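**Student:** Under my numbering, the residues of the sequence shown are numbered 1 to 488, in order.
Simulated from the structure, these hints should not be mistaken for lab results. Any given hint could be a false lead.
Quick list of simulated restraints, FRET-style, between CB atoms [stated by the list, open to error]:
| # | residue 1 | residue 2 | range |
| --- | --- | --- | --- |
| 1 | Phe29 | Pro129 | 31 to 39 Å |
| 2 | Tyr231 | Asp50 | 45 to 53 Å |
| 3 | Phe56 | Tyr231 | 54 to 62 Å |
| 4 | Pro218 | Ile436 | 19 to 27 Å |
| 5 | Asn17 | His125 | 39 to 47 Å |
| 6 | Lys433 | Lys224 | 21 to 29 Å |
| 7 | Arg225 | Cys28 | 28 to 36 Å |
Taking lysine-lysine pairs in the DSS-like style, the calculated list, with each CA pair at most 27 Å apart, reads [claimed, not checked]:
| # | residue 1 | residue 2 |
| --- | --- | --- |
| 8 | Lys224 | Lys349 |
| 9 | Lys16 | Lys224 |
| 10 | Lys16 | Lys96 |
| 11 | Lys16 | Lys346 |
| 12 | Lys96 | Lys346 |
| 13 | Lys292 | Lys346 |
| 14 | Lys346 | Lys224 |
| 15 | Lys292 | Lys96 |
| 16 | Lys346 | Lys289 |
| 17 | Lys433 | Lys346 |
| 18 | Lys289 | Lys96 |
| 19 | Lys96 | Lys224 |
| 20 | Lys96 | Lys290 |
| 21 | Lys349 | Lys16 |
| 22 | Lys433 | Lys349 |
| 23 | Lys224 | Lys289 |
| 24 | Lys290 | Lys224 |
| 25 | Lys349 | Lys96 |
None of these values were measured; they are calculated from a predicted model. C-beta atoms are modelled at their ideal positions from N, C-alpha and C, and glycine is treated no differently.
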Amino acid sequence: MGNCGEVMNSVFGRQKNTNVRISLPAVCFVWQFAMIVLFGVFIRYDEESDAHWVEFRKENNITSDIENDFYFRYPSFQDVHVMIFVGFGFLMTFLKRYSFGGVGFNFLIASFGLQWALLMQGWFHALDPNTGKITIGIESLINADFCCAGSLIAYGALLGKVSPVQLLVVTLFGVTLFAVEEYIILDLLHCKDAGGSMVIHAFGGYYGLAISWVLYRPNLHLSKRLNGSVYHSDLFAMIGTLFLWMFWPSFNSAITDHGDGQHRAAINTYLALASSVLTAVAISSMSQKKGKLDMVHIQNATLAGGVAMGTAAEFMITPYGSLIVGFCCGIISTFGYLFVTPFLEKYLKLQDTCGVHNLHAVPGMLGGFIGAIVAAAATESVYGREGLINVFDFEGEFSTRTVGTQGGFQAAGTCVAIAFGLVGGAIVGLILKLPIWGDPADDNCYDDEVYWEVPEEEEPIPPVLEYNNHMIHKHQDISESNFSVDQS
1 MGNCGEVMNS VFGRQKNTNV RISLPAVCFV WQFAMIVLFG VFIRYDEESD AHWVEFRKEN
61 NITSDIENDF YFRYPSFQDV HVMIFVGFGF LMTFLKRYSF GGVGFNFLIA SFGLQWALLM
121 QGWFHALDPN TGKITIGIES LINADFCCAG SLIAYGALLG KVSPVQLLVV TLFGVTLFAV
181 EEYIILDLLH CKDAGGSMVI HAFGGYYGLA ISWVLYRPNL HLSKRLNGSV YHSDLFAMIG
241 TLFLWMFWPS FNSAITDHGD GQHRAAINTY LALASSVLTA VAISSMSQKK GKLDMVHIQN
301 ATLAGGVAMG TAAEFMITPY GSLIVGFCCG IISTFGYLFV TPFLEKYLKL QDTCGVHNLH
361 AVPGMLGGFI GAIVAAAATE SVYGREGLIN VFDFEGEFST RTVGTQGGFQ AAGTCVAIAF
421 GLVGGAIVGL ILKLPIWGDP ADDNCYDDEV YWEVPEEEEP IPPVLEYNNH MIHKHQDISE
481 SNFSVDQS
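Let the sequences and hints guide you as you build the complete structure.
**Tutor:** What follows is the structure in structure tokens.
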């Protein structure tokens, strides 16, 4: 046992080396080359993006190019794409010295992840058994962005504590696990999860938390001085919040059926988001002796309603039901930041930088179970016979499924997402614990200077000198203008 402990210490306890000059370019080049090869072998345009669209249109009696799915889905794709690259990125800029890492590594994760997602989701959902090819269109791009969201959520729990090479590994396994659990939940269990409460938020949240728990840093307090925000960093993070908040109705409705389902999903999400803002503000104010607001709560808990509405968004939950969901989740999420996050760090050794437990994991889990309850309570008088078949896809082998059974499968799907996140995250965490990834030491976290060239900060100029310098420049400008006038 003693020898085993010495081996473990020698493997995991080596001095940290954050030089990624070889490992990061090597991983980027090798994996991008692999993407090029795999795309060349498997990926092709679908019938609506292929040059044979003209023939396809005539064969299927399509009268106008406007009926191409691109014109229905592209506005939603734009909104989701902005959420992935701008919303998530800027939301993670709240740390005072880690804004480059927040936005830049978010960019890296999403850019690699969407390529790998098109392949993984294609193999499970769009592989033609006759040709062995995967066809992609505008909806494939939306689903790839959704797939990346799981890994970006996991990044929130690891923010400032891992290297870019580790993040690429997190994304590689995260997208793979996502594709598998999505196939199980949506295809095998036949669950409905348009906005991804289960497959995106619950999975991504618990995936990141499990990795963070395995990578526990006992001396992280040595970087405590940087684990916080300043005025301008919180303002930038609030920009991310607003982008996410505004576009979340598109996120939850992007891949729903055209017509009433998409329309209803946008309305339900819109209302849940609005409701969660008021309750988050209320609890944040109540938690302070003088009623002041905490920007952490406003940046995060105000989005909880959108997360929790993901599964039930296209169901007939009713407008007031959407308000109730947002009302409850705004409270639960804010209480999570106030009490649960400190508890998890103190007693379970779980270091969650962005609080993804309160914004994604718990609201995602609740959203999955809310969807199960609403599905089980569905009636023909509310939906109509054709409506029930359309909303829950009770067709083919699932034509005899009852709404009660559907509710049970929805609950089971939530459990599958959580299990994949926890077990997969623990395994990936063990892989990332190997001392080969260039991650920072405990006293060197939350700092952009570890992996970025950071420009020097300008030295503050005393007010008197600043005034004098201003006047000097002003006099210079006047004399130069006079000189030009004389010359003319």
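**Student:** Hint by hint, note whether the structure agrees.
**Tutor:** How the hints compare with the structure:
1. Phe29 with Pro129: 31 to 39 Å: Once the Cβ atoms are compared, 33 Å apart, the range 31 to 39 Å for Pro129 and Phe29 holds.
2. Tyr231 with Asp50: 45 to 53 Å: Check passed, 52 Å falls within 45 to 53 Å.
3. Phe56 with Tyr231: 54 to 62 Å: 56 Å, holds
4. Pro218 with Ile436: 19 to 27 Å: 21 Å Cβ-Cβ, so the 19 to 27 Å window holds.
5. Asn17 with His125: 39 to 47 Å: 41 Å, holds
6. Lys433 with Lys224: 21 to 29 Å: At roughly 22 Å between Cβ atoms, Lys224 and Lys433 fall inside 21 to 29 Å, so the hint holds.
7. Arg225 with Cys28: 28 to 36 Å: With a Cβ separation near 32 Å, Arg225 and Cys28 satisfy 28 to 36 Å, so the hint holds.
8. Lys224 with Lys349: 16 Å, holds
9. Lys16 with Lys224: It holds: about 18 Å lies between the C-alpha atoms, which stays within 27 Å.
10. Lys16 with Lys96: Holds, because 23 Å separates the two Cα atoms, which is no more than 27 Å.
11. Lys16 with Lys346: 25 Å, holds
12. Lys96 with Lys346: Holds, at roughly 23 Å.
13. Lys292 with Lys346: This hinted pair holds, its Cα atoms lying about 26 Å apart.
14. Lys346 with Lys224: The given pair, whose Cα atoms are some 15 Å apart, holds under the 27 Å limit.
15. Lys292 with Lys96: 21 Å, holds
16. Lys346 with Lys289: 24 Å, holds
17. Lys433 with Lys346: The given pair, whose Cα atoms are some 21 Å apart, holds under the 27 Å limit.
18. Lys289 with Lys96: OK: Lys289 and Lys96 at ~26 Å, within 27 Å.
19. Lys96 with Lys224: Given pair Lys96, Lys224 holds - Cα atoms ~11 Å apart, limit 27 Å.
20. Lys96 with Lys290: Distance of about 25 Å is within 27 Å: holds.
21. Lys349 with Lys16: With Cα atoms ~21 Å apart, Lys349 and Lys16 stay inside 27 Å; holds.
22. Lys433 with Lys349: Between Lys433 and Lys349 the Cα gap is close to 16 Å, so the pair holds against 27 Å.
23. Lys224 with Lys289: Judged against 27 Å, a Cα distance of about 25 Å means the pair holds.
24. Lys290 with Lys224: 26 Å, holds
25. Lys349 with Lys96: 24 Å, holds
Hint compliance for this structure: every hint is met.
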